[in-house]
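Novice: Dock chain B against the given chain A, drawing on the hints supplied.
If you read the sequences in order, they're chains A and B. All residue numbers for the first sequence refer to full-length UniProt numbering, where the first residue is 1 and numbers rise by one. All residue numbers for the second sequence refer to full-length UniProt numbering, where the first residue is 1 and numbers rise by one.
Each hint can be trusted.
Same chains, same names: a pair is fine if it fits in one copy or spans any two.
With a cut-off of at most 27 Å between alpha-carbon atoms, the simulated DSSO-like pairs for lysine-lysine come out as follows: (1) LYS622 / LYS542; (2) LYS125 / LYS111; (3) LYS61 / LYS584; (4) LYS317 / LYS244.
Don't read these hints as lab results, they were simulated from the structure. Computed from a predicted model, the values in this text were never measured in an experiment.
There are 2 protein chains.
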Amino acid sequence: MNVSDATFDLLEAEFNAPSVRNPSAALPNRQWAEDAAAKQRAGVPPFPPGVVAARPAFDTKKMRELLDMNNFELRDSLYELFKNPVFVPRYNETLDEERARTIQRWRLIAKTGVFHEALRIFTVKGRQRYEATLESVGAIDHSLDIKMGVHYGLFGGTVSLMGDDDQGARWMPKIESCEMLGCFSMTELGHGSNVKGIQTTAVYDIPSRTFVVNTPCEEAQKYWIGGAFQSARWTALFAQLYVKGVCHGVHPFLVRIRNEDGTPVKGVTMGDCGAKSGLNGVDNGRIWFSNLHVPLDHLLRRHSQVSVDGNFTCNFKSSDERFGASLASLSGGRVSVAAGSLIQAKLGLTIAIRYGLSRKAFGPPGEEETRLMDYPGYQTRLIPPLATTFVMQLVLNHLKSKWQRRELGRELHVWSSGFKALISWHALSTLQETREACGGQGYKAENRIAPLKSTHDVALTYEGDNHILLQTVTKAVLPEFVRGFKNDGNFEGHFSYLNDREALRRVDLSTTDPRSAMYALTVMRRREAALFARLAAEIQKKIAAGMSSLQAFNHSAVLVEDAGRAHVDLLMLQLFHQTLSDLKSRGETELVNILTLCGALHTARLIDSQVIFLRNGALSAKDAQNVHSNVQIFCMQLRPHVLHLVDSFGYPPHLLAPIAFDYVSHNSRSRL
Amino acid sequence: MNVSDATFDLLEAEFNAPSVRNPSAALPNRQWAEDAAAKQRAGVPPFPPGVVAARPAFDTKKMRELLDMNNFELRDSLYELFKNPVFVPRYNETLDEERARTIQRWRLIAKTGVFHEALRIFTVKGRQRYEATLESVGAIDHSLDIKMGVHYGLFGGTVSLMGDDDQGARWMPKIESCEMLGCFSMTELGHGSNVKGIQTTAVYDIPSRTFVVNTPCEEAQKYWIGGAFQSARWTALFAQLYVKGVCHGVHPFLVRIRNEDGTPVKGVTMGDCGAKSGLNGVDNGRIWFSNLHVPLDHLLRRHSQVSVDGNFTCNFKSSDERFGASLASLSGGRVSVAAGSLIQAKLGLTIAIRYGLSRKAFGPPGEEETRLMDYPGYQTRLIPPLATTFVMQLVLNHLKSKWQRRELGRELHVWSSGFKALISWHALSTLQETREACGGQGYKAENRIAPLKSTHDVALTYEGDNHILLQTVTKAVLPEFVRGFKNDGNFEGHFSYLNDREALRRVDLSTTDPRSAMYALTVMRRREAALFARLAAEIQKKIAAGMSSLQAFNHSAVLVEDAGRAHVDLLMLQLFHQTLSDLKSRGETELVNILTLCGALHTARLIDSQVIFLRNGALSAKDAQNVHSNVQIFCMQLRPHVLHLVDSFGYPPHLLAPIAFDYVSHNSRSRL
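Okay, chain A solo, but in the shape it has when bound:
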C-alpha cells in the first residue's frame, strides 16, 4: 500500500472536527440512490419516472470509453468506493468540518494504492492512471481532487519536473506516500497572474551554504496556497534567486515550512485565507518568510544550478526561456482545470436533463401537463450545452494525450491556455443554465447543481485568468500570422489555409452542409483571418502613432481577446473533426452520426450567439438566419437521444441527485 499512515493519523488529529469522525452522523436521506441502485441490480435502467426506454441509437458503453479514454475499471472502482458514507456529499458544514472531511476522504483514496509510483515512473500509463483518479474524485468532491492535485500534481510535479534525477529519486517516493506532504507557493498577495513579478527573495549565502528566504513586504506574502494553512509540511517555493548580488529571476526550491507535529518551523508564519465561495475543503493559506535558511541542495536544479561557492549556471540561454520551462507544471494545471470543468458540466447536464425528462409544467387545458424537455424553448436551453460538452471533451482528449506524452512545447502552452479558458467558461454557462432550468430545485444544495456551480467558479481565474489566457494565445500566434503576411502572403503552419484566400471566400455557405467540417472550418477561418488581419493593422497603426508595442497591445485588448477566441474555436473544431474522421475510418458509424449532430449544433450555436461573425462578414445576414433556424432543428434532432447521451457520461446514480430520479418520492412526507 505504501501510504504513510503516520501522516494521516496526525492530520486527522489536527483537523479538529469531531462531527466528522462518525461518517454516519446526520447522513442525508439517500433512499433515492438506493432505489436506483436496486433497479440497476435487477437489470432495470433507473430512468427518470415516466420515461419509456427507447433503444439507444449508439453504443453508450463505446461512447463512454471514447469520452473517458482509459482506466474505465479504475474509475468504476472509485465510484464504487464513493458509496462509503464518508463520501456522501454534505452541504451544511463549517470550514473545519469540510476540511476534516477532505482529509478523511483523501486517506481512503490514498489507501487504494492508486498513487503508488504514479508520479515517479514517467510513463504515459502512469499519468493516465493519476489523471483518471483525480477526474473520478472530481465527480464526487472537487475540494478533494484539488487538495490531492496540489500535493501530487503541483508540489510533486514541480519536484519531479524541476528537480534533477537525484532529487526526484530522493523525494518522490516520500511525496507519493504522503510522508512528505506539500503545497505549491507561487502566487503572492500582490502577484497572481503576473508570476514573474513575485517579490519573495532567496539570497544565496556562501558561508552557510544556504538560501536565505524572506518576504520583503506584505504584498509578497504567499497567498491562496492550497494546504498551507493546515496540512502541508513542505512547499515548492518560487522566489527571486539572488547570487552574489545578481538577481537570476524566479526559481523553485523545496522548503520545509512545518515540523512533523504541525508546528511552523522557525522563520515561517502561516495564516488562513478563510471561507470561499466553494472548495472549502482546501485549507488555502498565506505564508511569510523571515530569514529562513534553505539548504543549497534544495534548489530544484534541473534547469539552474548554484555551486557551493556561488556560481550560477543555467541550461537555457535566456532567463525568459528558463522561466517558460519552469512553468511547464502550470500547463498541466490548466489541463486539469479544463478536465475538472467538464466533469462539473457533465454532472449538471445529467441531473438537469433527467429532471427535465420527468418534470411536467403547464399543458393543454384539461389534459396532462407537458414534460419540460418536450418544450422547444427548453430544448434550446439544455441541448446546445450538451452538444458542446461532447465536442469539448473530445477536443480536450487531444490535449490530455499531448500532456501525458510530455510534449511540452509551444502548442501545449497555447492549447492548454485557450482550452482552459473556453472550457471553464462553457462549464460556467452550462451550470448556470442547468441551475435555472431546474427552477428552485436547481437552487437546492442536495441537487448538487448550485454547489457545483459555486465550487466551479474558481476555475475561471485560477491557473491563469481566462481573459489573460486568451491574450496569451494571441500573443503566441500573432507572430506566425505576421510572418506569413510579411512573406508576400505565403503562410506556413496553422495559417496556411490563407494561401488560397480565394477558395475561402468562394465557399457558398447556403449550399454547404451545415454539419460538415467544410462549413465549420470555413466560418471559423473567415473570422480568424479577419480578426488577425485587423489586429495586425491596428497594432502597427498604434506603434506608428508613437505607442510602445506593449501599449499598442493593451489598447487593442478587446480585439486581442476576440482573435484569441477565434483561434481557439477554430482549433477546437479542427481537432473535433479530426476525431470524427478517425472514428469514420474505424467504421464507428453510429458514434459518427450522433457526434456529427453534436458538432453541427455546437457550431451553429457558436455562430448564432456571437455578433462577431456577422460584423466581420464571416457570413451573411441570410446565412445567419439559417444558422438560427438550424439551432432549433438540430436540438429537435438530438432530443430523442438526450437520455442516452447523458448516460454515456458514465456517472452512477449515487453521484447524481434526487431530482435525477423519483424526486416526488424523495420529498414525500414518509421520508421526513
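Specialist: For chain B alone, coordinates are given in the frame of chain A:
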C-alpha cells in the same frame, strides 16, 4: 414601538444556535471598515489607496437621491444600525446559525418601529418607507429582507389586498407587530410557475361552517414556503376552493399552522427544504394538510365570498379575471426582486471598481505596474455593467412609483414581469463579471461578491422563471400588435410608432448621434417591429398547419422570448430617456451629461452583444462596427467618473469589503 417582544422571545428560544447569542463571538477583523470610517470622520473621503481625488463632474448627493428616490435619512439610519456587531456579515455558519442570526437581526429592525402602520395605511409614503427599509436591509443581508418581505409583504400584503376591510382591520395590526407571524403558501412541489395548477383543496363544509383543507397527493405539498419550517404561526394559503361540489379555482385563506408555542396545529405537518445555494437565513419549508378545518371568515373575501349556507359569489365576471387580480401581490414581489437584484449589482460594482482602481498588475518593464482600471480591456468588462445599472435603476424607479401608487393594471403586470427578468439577469452577469475581475479576491467570502452572487441567483427563477416571464410579456403585448395589423396597419398605444414605418426606415444611423434617444429608440423599434411581425406570421402559419394556438406559441418559444426581450429593452429605453428629459427640464445639466453617457454605453453594449439586431436588419454591418467602437469610446469617456459613480450608490464602507479599501493592510501579518 408596538413590536411583539413575546414573539421574538419565543423565536429566539426556538432558533437554537447558542453561538449566535453573543454577537461578538468570532467577529471577523473589521479594522479596514473602522479605518475608513475614521477617515470619513476626519473629512477625508476613504478612496482606495493611491487614488487621487478628482472633483466629481456631478453632484454625487443629488445622484444618490435620484437613484434612491426617498427616505434618505431612514436609509442612512439603518446603515448606521448595521454597525452593530449583530449585523456583521459571517460566512462560516451552519443553517441553524444563519437562521438564528436572521431572527436576531429582524428583531433589531422591527424594534426601530419602522413597520408601524406601514402596511395598514395605504399611502404612497407608507409603502415608500416600507420598501426603503427592505432595500436598505437587502444591502447587508438578503436573507433578512426576504424573511421580512415574506412576512410583511407576501403574507401581510395578501391579507390586506385580498382580505376585505374588516379582515384587514382585524389582522393587519397584529401582522405589523409580529404578533401574528406568517408565511405565503402558494407554490407546491409539483407546481411552481404554473400556479393555476396547484392541487391543495379547500372544501366548504356547511354543517361546521369551515373549509376542510387537504393535501391530496405528494406533489401538492406546499414547497419553498419561506418561514414555514420554523418561524411562521400563520399562512396565507392558496388552495382550490370547492363549494357544493363545484371548483371555483384558486383562493386565498388565512390559516393557522402552528400554536403560539411553535408546535404544529393538528392536521398540519411541516418539513425543512434544507440547505440552498444562498438565502440560508430563510427557513424555507414544506407543508402538508390533513383535514384541517379553517373558519368560514378566514377566506380572504375582497374578491370572492362564500355565505354560511354555501353560496359562492364573486366580484369578477370570469375566473381568469379574479385569478389575475389575486396575483397582484405577486407583481409587488417582482418589483422587490428587481430592486433587490440592483442592490446586489451595485454592491458588487462598488467593491470591484474600487479594487480595480487600486490593484496593479503587469506593466512596462522596469516601471511601476499598471492599475487594472487603466487597462482598456478591464474597462470594457466593468464599465458597461455600471452604465446599465444606472439605466435600470432609473427605469425601475418608474415601476416602483407605479406600484406604490397601486396602479394594478396590465402595464404593472408587463413591466414587473419584464423588468424583473432583465434586471435579475443583468445582476447575474454583473456579479459574475465583478467576481472574475477581482480574481481570487472575488472568490473570497469576506469580499462579499461571491456570496452575493450565490444568494442572488434565486432571483432568476423565483417570483416567476425569467424565461416564462418574458413569454408572459409577449403574450400580453402581441394582441395589441395584431390588432393594429388587422386594422389596416393603424396602430394604437405602444405600437403607434409603426404608423409611420417609412420614418422609422429612413433614419440614417451613421449620421445620428449614438447617445440620442432617436438612435436608441430607432434601433430598438426596428428590432421589436421585425420580431413581432415575424412572430405573428409564424403563429398564424402554424395554426394554419393544424396546431392549436397553445402549440403554435410553444413551438415558437425562442421567437416569443426574443420578442418579449425586444419589447422590454425598448420600454426601458423609453422610460430612461423620459427621465433624462425630466432632468433636462429641471436644469440638471451635470446629471443629464453623465447619465446620457451611461445611456449611450448601455445602448451600444446592448446592440453590440446581440446577434439579433444584425440578423433582423435593425442595423447594417457597418453600423455594427461603429457600435462596437463606441462601446470602447464610451467606456474611456466614463473611466474618469467611475469612482464618483459608485460612490453615488451611497453605501458606507462597512457595507463594502476589505478589497474596496486598503486590502494590503487588511491582509498584513500584524492582523492575523
